[in-house]
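A.B. asks: Each protein sequence line maps, in turn, to chains A and B. Residues in the first sequence are numbered consecutively from 1, following the numbering used here. Residues in the second sequence are numbered consecutively from 1001, following the numbering used here.
Among the clues, some could well be false.
[To be verified] Quick list of the computed label-pair ranges, beta carbon to beta carbon:
{"no.": "1", "chain 1": "A", "residue 1": "Gly79", "chain 2": "B", "residue 2": "Gly1079", "range": "38 to 44 Å"}
{"no.": "2", "chain 1": "A", "residue 1": "Pro19", "chain 2": "B", "residue 2": "Pro1219", "range": "40 to 46 Å"}
{"no.": "3", "chain 1": "A", "residue 1": "Arg104", "chain 2": "B", "residue 2": "Arg1074", "range": "24 to 30 Å"}
{"no.": "4", "chain 1": "A", "residue 1": "Gly79", "chain 2": "B", "residue 2": "Asp1107", "range": "56 to 62 Å"}
{"no.": "5", "chain 1": "B", "residue 1": "Leu1061", "chain 2": "A", "residue 2": "Lys109", "range": "22 to 28 Å"}
In short, the hints are calculated from the structure, not lab data. Note that beta-carbon positions come from the ideal geometry of N, C-alpha and C, so glycine has one too.
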Amino acid sequence: MIAVIGLAIGVVIGLLVHPTVPAELQPYLPIAVVAALDALFGGLRALLDGIFDDRVFLTSFLSNVLVAAFIVFLGDQLGVGTQLSTAVVVVLGIRIFSNVAAIRRHLFKA
Amino acid sequence: MARHDSHVPESVRDASMTLLTEVQRRPLDPGYAEAARRRALTGAPHRGGRTAVWLVVVGLLLGLGVTTATLSLRQPQAGAVAARRLLEQQVRQHRADAESLAAQNADLSAQIAALQNQALRSDDPALLAQLQRWAVSAALVPVSGPGLRVVLTDAPSDGTTKDNPDLRVQDVDLQVLVNGLWAAGAEAIAVNGQRLTATTAIRTAGSAVLVDLVPLVNPYTVEAIGSAADLQTSLARSSAGQHLATLRATYGIGVTMTSQRRLQLPGAGPTTLQEASTPSMTASASPSPTPTPTPSPTPTPRTASTPTATPSRSVRAAAGEVVTQSSVVAPGTGGEDR
């Protein structure tokens, strides 16, 4: 739970402080946010499954964001940035949908 | 690897969809299941204070980063906004520049005209009178008088054909009408407030009709100064009248003619000097301001301006005189020349 508290404090600070993102990081933001969403929903589902673990949650969160940004970076270097981004969004999107479906089954039993 | 999502039967698997089924069947990070199994084996892990601090710090940083990213994505791109604002500002700036230049142009041409009148009034009143007469014919000055107003409107769209050019008033319709009006004895013509000079072209660019390079929009109001009754009769007898009747009957283009007791037509503005020559008696003494393309072999009279067949605005100015900025074209020569 302690990781979630840290995360919440970070979100609040971000909302209050409004830091600016360096221009060279801008292209990686969309994919990183989608990856973060995937990790968030994964963590929520694990929580409902009763197998939530702080360390796994943070590690998956961190690695998701970094790998997503790295894939976009690699794609840009190879000239297939948009295609690779699409692939990442498809995979993460399916995962998010499946996890949300599991969460829904947990919460509403339907 | 733990497969904790066992409610999907194995038969659903399709070899060609391995990746997608894998993603769909096992959406949760396997790490969770592994950690849970480890916990079940060894009991709840003992975490020291350092681990907790680490977890909080990493969680805090991640939350901060994701929030920042989301916020900056929600904002419109600062660069695009700035570029757009810059462009808008430039458009506005240049438009204002063009307007002020046009005003300056009108001001200067008024000055030129005043100076010209002043110089000629003492020197050569006859020339001045002729110049003023010709300025009217050359459509340089605003004129007013009774006349005929013809309004052409696009045919109402029938809905089935989206963009049928036949239903629109085209350049050729305006050309026929204007030529018919000239032939019928109109003294001055303007289309939507654009005064027609000897060199005015009526053309189509895309779906817009350009008169003197100014795009006009439906409805097209053609105003001709002259005797309205005569104009109307002559127009009806001419081929232009038949053309208008065809437009009305076949294509449904609106043609309304009204006689007006007083029409006010704007001037076409100043013209540029295109041709000038000196009288031959002083030709050797002073060079002409602009080389004449075709020097006339005979001495050019001071007031010479032969109505030329070409629609070019030509002025033969006498040397030593104020070089006139007006173009002189006899009425009726250029108007039908399109």
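A.B. asks: Taking 38 to 44 Å as the stated bounds, is the beta-carbon spacing between glycine 79 of chain A and glycine 1079 of chain B within them?
C.D. replies: Violated, since glycine 79 of chain A and glycine 1079 of chain B (Cβ atoms, about 23 Å apart) do not stay within the stated range.
A.B. asks: If you check the beta carbons of glycine 79 of chain A and aspartate 1107 of chain B, does the distance land in 56 to 62 Å?
C.D. replies: 58 Å Cβ-Cβ, so the 56 to 62 Å window holds.
A.B. asks: State, for the Cβ atoms of arginine 104 of chain A and arginine 1074 of chain B, whether the hinted interval 24 to 30 Å holds or is violated.
C.D. replies: Check passed, 26 Å falls within 24 to 30 Å.
A.B. asks: Is 22 to 28 Å respected by the C-beta to C-beta distance linking leucine 1061 of chain B and lysine 109 of chain A?
C.D. replies: About 37 Å separates the Cβ atoms of leucine 1061 of chain B and lysine 109 of chain A, which means 22 to 28 Å is violated.
A.B. asks: At the C-beta level, are proline 19 of chain A and proline 1219 of chain B separated by a distance inside 40 to 46 Å?
C.D. replies: violated (59 Å)
The structure fails hints 1, 2, 5 (numbered hints given earlier, in ascending order).
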